[in-house]
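Could you build the full structure based on these sequences and the hints that come with them?
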Amino acid sequence: MSTAQPTQPEIPPTSAIDKPTNYAFEDWFTYPVRVYPHHTDCAGIVWHGNYITWMEEARVECLRSIGIDYTDLVALGCDLAVVNLSLHYHRSLVLGLDVLVKTRMTDVTGVRMNWDYAIVSPDRQQLYTTAKVTLVALDRERGKIMRQLPGAFKDALLKISTFKNN
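Numbering of the sequence shown is given in full-length UniProt numbering, commencing with residue 1 and proceeding in unit increments.
There may be inaccurate statements among the hints.
[Claimed, not checked] Using 30 Å as the maximum straight-line C-alpha spacing, the simulated DSSO-like pairs for lysine-lysine come out as follows:
id: 1; residue 1: 144; residue 2: 132
id: 2; residue 1: 154; residue 2: 132
id: 3; residue 1: 132; residue 2: 159
id: 4; residue 1: 144; residue 2: 154
id: 5; residue 1: 144; residue 2: 159
Treat the hints as calculated values from the structure; they're not laboratory data.
Below, the structure is given as structure tokens:
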């Protein structure tokens with residue numbers, strides 16, 4: 001019987017996340033955020049759930065910028081449900097900071113959409129959070145995954161591949 005412990009994945013050194021130099025943000029949508037008192041706890045640190053709210057706001061605004069208004073999706077009977085969410089908090093956001101929520105849709109497979117996120121300082125020298133989110137299109141009336149995206153929505157998503165916003 002072996003008593004060897006399974007090895008843990010190696011955590012990168014803090015210096016590896018200090019500057020988001022591995023991100024090329026040319027094709028990412030930018031959503032600016034300012035940290036207000038209601039975003040923070042009693043120590044002035046942003047509550048973890050606000051990051052998710054800001055990412056959703058950025059995604060909805062990104063879609064709106066290419067002509068997909070979320071209210072139109074709802075009118076079509078479509079909803080975008082989060083089925084997977086992965087966040088990595090690199091450093092805390094504090095009261096008074098201005099940050100940029102950067103997002104991009106990485107791919108669409110059938111009715112599944114994958115999005116990447118990075119929350120960075122306006123000069124892009126500080127990386128606060130990175131995340132990945134997977135969404136699926138749901139039929140709002142039946143509460144089931146759609147077989148395919150509504151045609152107008154699918155056509156508009158093609159615009160994301162040519163989207164440029166620094």
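Cross-check of the supplied hints:
{"no.": "1", "hint": "144 x 132", "verdict": "holds (23 Å)"}
{"no.": "2", "hint": "154 x 132", "verdict": "holds (21 Å)"}
{"no.": "3", "hint": "132 x 159", "verdict": "holds (21 Å)"}
{"no.": "4", "hint": "144 x 154", "verdict": "holds (18 Å)"}
{"no.": "5", "hint": "144 x 159", "verdict": "holds (27 Å)"}
The structure shown violates none of the earlier numbered hints.
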